[in-house]
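K.L.:
Residues per chain, in single letters:
Number of protein chains: 2
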Amino acid sequence: MMRTRPLKVALLGCGVVGSEVARIMTTHADDLAARIGAPVELAGVAVRRPDRVRDGIDPSLVTTDATALVKRGDIDVVVEVIGGIEPARSLITTAFEHGASVVSANKALLAQDGAALHAAAEEHDKDLYYEAAVAGAIPLIRPLRESLAGDKVNRVLGIVNGTTNFILDKMDSTGAGYQEALDEATALGYAEADPTADVEGFDAAAKAAILAGIAFHSRVRLDDVYREGMTEVTAADFASAKNMGCTIKLLAICERAQDGGSVTARVHPAMIPLSHPLASVRGAYNAVFVESDASGQLMFYGPGAGGAPTASAVLGDLVAVCRNRLSGATGPGESAYAALPVSGMGDVVTRYHISLDVADKPGVLAQVATVFAEHGVSIDTVRQQGRPEGDGEASLVVVTHRASDASLSGTVEALRKLDTVRGVASIMRVEGE
Amino acid sequence: MMRTRPLKVALLGCGVVGSEVARIMTTHADDLAARIGAPVELAGVAVRRPDRVRDGIDPSLVTTDATALVKRGDIDVVVEVIGGIEPARSLITTAFEHGASVVSANKALLAQDGAALHAAAEEHDKDLYYEAAVAGAIPLIRPLRESLAGDKVNRVLGIVNGTTNFILDKMDSTGAGYQEALDEATALGYAEADPTADVEGFDAAAKAAILAGIAFHSRVRLDDVYREGMTEVTAADFASAKNMGCTIKLLAICERAQDGGSVTARVHPAMIPLSHPLASVRGAYNAVFVESDASGQLMFYGPGAGGAPTASAVLGDLVAVCRNRLSGATGPGESAYAALPVSGMGDVVTRYHISLDVADKPGVLAQVATVFAEHGVSIDTVRQQGRPEGDGEASLVVVTHRASDASLSGTVEALRKLDTVRGVASIMRVEGE
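These protein sequences, in sequence, are chains A and B. Mapping of the first sequence onto this note's numbering: position 276 corresponds to residue 276, and the numbering continues sequentially without gaps. Remember, this note's numbering sits 1000 above the position in the second sequence when you count from 1.
The hints are simulated quantities; they were obtained by calculation from the structure and are not laboratory data. Glycine included, each C-beta is placed from N, C-alpha and C at the ideal position. Possibly wrong hints are sitting among the right ones.
Which residues of chain B face chain A? A partial, calculated answer using Cβ under 10 Å [as the list claims (entries may be wrong)]: (1) L1032; (2) R1054; (3) L1144; (4) E1146; (5) Y1285.
Turn these sequences into a full structure, and let the hints guide you.
P.N.:
Structural data, given as structure tokens:
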């Protein structure tokens, strides 16, 4: 069974993930060879700083000329773990043109240019695999693309960013505020010095775009994803969530519209019932909940980042791509045949938890309830309480039934115009019920 | 891209799962065709009772002659959802001989004869897929075979039987005894009239054999799996578990030995900490926890049985096998290159929770502790309590550090011989720490 000519792998990038990929390719060479049916050989490693010491990597393989490496013509698989848009995009398309298949961990690039990259792969009859781009080691792309290929996915609900989950979990368990929890995450290495991509939801939005595209067999780009960060979540929000039997998570939510004619993708903090499996996802772990017609509710859970877990996902793809190459076949490419349009946030239907600061006098609740009714938003529960300060203000917490985002926005705009409403303290969506 | 000759599928068995497969093949024909790249056609349905009304299935397709159906020669894929050893085994090998690939949901057959069936598939260069054989709709076989192909799995810990999980969850949440919980499971349709295969662990053992074989790239047969049912679990055991911060689950556990030279597979009830993700798997749901070198801890969660979920898994395989067929390739076959031997239960190392009924007098604890020490079993905690009955007996609860099953068995045997030990009330393993 075993053929002797090794498959040649070019590694682009040798940071946390790349060095782990190189390490495992060396230490587990026999296992990989047995599982592929041929040995794999690291044929070159493109880096920006060649002078950095890299344990266990033959210095003669290291180059700064990534383009020359992917153009060599004898490379079977290019593993791209550079990240970012350029030069990764050009290198991947050049790799296809020169006969290589590609394994990538690049969520930003896939979310932005997935369709073009898939087209390039198909044009050259090559594979493009990217399990590592979403939720690190958690097998998710392959189950969605392949295991659920005979099912109809209606909803994907996920915690796909470990940094924000660490922060929110900390706020939930200790009562800490956002800044305090962020500081701890930074000190422990869970948050980067500039945490913007994580806390503002950009990272999660890229993953949502990729997941939505695969789940609904349609093209969903990063720009199509509604995005709201979690920097405004307060200890008071967690207290409100506890009152509701909920916790707060930053969720990536991809949904098929009820009429089936469109899809939505969004990232925002949301309350989720403690009984929901996602509620107990702790620390920096990721988990993705998938709802389908036939299979019902599935959940995939694991480490969403880190060198070794991400390398595991890359190597799983590498084995698959090498096997395809040996058999002269390619795996599943882009599946966008359904071509469902992506609707805007206004069409999203969910429940809401709204905290209002109102004047503490009779008739306020009636006024507020009228505004909700006029906008077609049905109220589930209201809780009204005077403030201990006796400052003439009261809090009103309204939880709605399901309503469109557009209706809710109209409601909130009208509420702000009421004299008796001093302010809208918070609005949070309630998901997973 | 789309070719016009349809791929022909023969369905063997048309019970709960088979009829759902047929239904989805009809209602989702366009989706399946788009995902495969060619239409799929139900070419025949073999059943035992042809007179039963089958909604939505063309009566002219129904036959009682399954052998003739798989021998037709124009069948691309045989879907076997009959279950049991024969005639399923003969039909599958006949299918390979006559040019078809096979999708099966048959855990018993795969656990007993997986190696021979894989060999037959390979001999004829055909696919044998069986995602539905383990944990219903949960994508598990494919992630283990493919996503983790670049990783080293050390442990698989799973709740793979929904009936027993329903019963144990009920006992845990209501304090009910085993019989009462079983009666409720039967009334609700979660347990069969004869629940033996579930409650005695036979079903879980078959799944453990399949999972261990794939996880460790070795052959593990049903006979290699240690098996203990859950009919002896009592309300008192749950009370003990709660004292430990644990609950009780029937677990399938597949482990690589510490020295890496062998593997074990076992099914038995065990205490598991409430903080472990498996502890919160409720009702009839299944979940499998996988520990690997690089990816760390992953969990896969979902419905473990039922017509529609199992059909989803079958159809995911059907799409993959059809795609392979169109590209003239086959997917991953058996991977048993590691050929690790399967060790017996004596070599399994874990912790134990032991409840003893002892004489309520000084010196008993010293005697008991000496027996543990003599057998090399180190004690973690001991709790001693007199009985309110004042019958001269006391309870002694011993929780051990990790020790081999052989050492523990020796200890228990010696304890039973002590005059002061009136009885061993229960022994339960403690897992997942």
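K.L.:
Now, for every hint given, state plainly whether the structure supports it.
P.N.:
Taking the hints in turn, this is what the structure says about them:
| no. | hint | in the structure |
| --- | --- | --- |
| 1 | L1032 | holds (7 Å) |
| 2 | R1054 | violated (18 Å) |
| 3 | L1144 | holds (9 Å) |
| 4 | E1146 | holds (6 Å) |
| 5 | Y1285 | holds (8 Å) |
Hint compliance for this structure: hint 2 is the single one not met.
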